[in-house]
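All chains should be modelled from the sequences, with the hints used to inform the complete structure.
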Amino acid sequence: TQLLEQSPQFLSIQEGENLTVYCNSSSVFSSLQWYRQEPGEGPVLLVTVVTGGEVKKLKRLTFQFGDARKDSSLHITAAQPGDTGLYLCAGRTSGTYKYIFGTGTRLKVLA
Amino acid sequence: NAGVTQTPKFRILKIGQSMTLQCTQDMNHNYMYWYRQDPGMGLKLIYYSVGAGITDKGEVPNGYNVSRSTTEDFPLRLELAAPSQTSVYFCASSPSKGDYEQYFGPGTRLTVT
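Here the protein sequences come in this chain order: A and B.
The first sequence begins at 1 in the working numbering and counts up one residue at a time.
The second sequence begins at 1 in the working numbering and counts up one residue at a time.
Hints in this document: simulated from the structure, not taken from any laboratory.
Hints may be right or wrong, so weigh each one.
Cross-link-like lysine-lysine pairs, in silico, PhoX-like; alpha carbons within 25 Å at most [said to hold, decoys possible]: (1) K98(A) / K44(B); (2) K98(A) / K97(B); (3) K57(B) / K98(A); (4) K9(B) / K44(B); (5) K108(A) / K57(B); (6) K56(A) / K97(B); (7) K97(B) / K57(B); (8) K57(A) / K9(B); (9) K14(B) / K97(B); (10) K44(B) / K70(A); (11) K97(B) / K70(A); (12) K59(A) / K108(A).
Here's what the structure looks like:
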């Protein structure tokens with residue numbers, strides 16, 4: 001059974017602070033996605049990473065795929081209350097069409 | 001485009017009742033998925049489909065059935081509802097090439113009592 005563990009599970013920080021969320025597995029993924037989900041809504045894709053060591057930036061968010069393609073991180077610089085939500089990573093192994101979702105990190109940014 | 005639509009938004013079932021959760025997408029995506037999300041948790045894949053007439057089991061298929069007669073529709077059937085099926089159900093679709101970005105519906109909140 002493939003498992004994607006996210007840490008921390010919960011995070012409450014003040015506006016303007018930096019944070020990093022981790023997504024780890026023992027499986028090798030051909031691609032990994034990060035989603036953000038707000039209460040009462042479905043997840044929305046933030047980014048897809050496909051190459052080991054790849055770094056992608058989306059405004060204040062920086063995503064990194066591990067060299068061995070088993071882990072990933074999401075770093076938020078100068079967090080804002082609008083960043084509040086549930087962050088989910090999802091990995092796809094080679095030869096499959098389905099993604100396995102991580103356990104989730106619930107972020108709350110206080111004004 | 002409406003994207004992915006799901007009905008109903010909320011439903012309360014008694015133990016042993018049956019129901020069908022509807023999912024429709026208008027993006028001509030070949031791939032469709034059903035997930036369940038328990039409170040504060042990530043998503044668990046129930047079933048998925050790579051095209052009309054083709055379905056396959058995900059991580060937690062027991063107690064559910066699906067069909068895919070058209071590209072647009074992917075209904076999820078609960079035959080004998082149990083309290084363990086209380087959850088929020090999300091349908092998603094993705095194109096069959098590229099990064100397989102998944103587009104999610106708004107979810108169906110199901111309570112079984």
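These are the hints, each one checked on the structure:
The hinted pair formed by K98(A) and K44(B) meets the criterion: a straight-line CA distance of about 11 Å does not exceed 25 Å. A distance of roughly 12 Å separates the Cα atoms of K98(A) and K97(B); the hinted pair therefore holds under the 25 Å criterion. For the given pair, K57(B) sits about 10 Å from K98(A) by alpha-carbon distance, which is consistent with the 25 Å threshold. About 19 Å separates the Cα atoms of K9(B) and K44(B), which keeps this hinted pair within 25 Å; it holds.
Taking the CA atoms of K108(A) and K57(B), the gap is about 35 Å. The hint is violated against a cut of 25 Å. Between K56(A) and K97(B), the direct Cα distance comes to roughly 21 Å. Compliance with the 25 Å bound is thereby established for this hinted pair. Our distance criterion of 25 Å between C-alpha atoms is met by K97(B) and K57(B), whose separation comes to about 21 Å. About 35 Å separates the Cα atoms of K57(A) and K9(B), which puts this hinted pair outside 25 Å; it is violated.
Restraint check: the Cα-Cα separation between K14(B) and K97(B) comes to about 41 Å, which exceeds 25 Å; the hinted pair is violated. The straight-line distance between the Cα atoms of K44(B) and K70(A) is roughly 19 Å, inside the 25 Å bound, and the hint therefore holds. For the proposed pair K97(B) and K70(A), the alpha carbon gap of about 22 Å is at most 25 Å, so the pair holds. A hinted pair counts as satisfied when its Cα atoms are at most 25 Å apart, and K59(A) with K108(A) qualifies at roughly 19 Å.
Hint check: violations occur at hints 5, 8 and 9; the rest are consistent with the structure.
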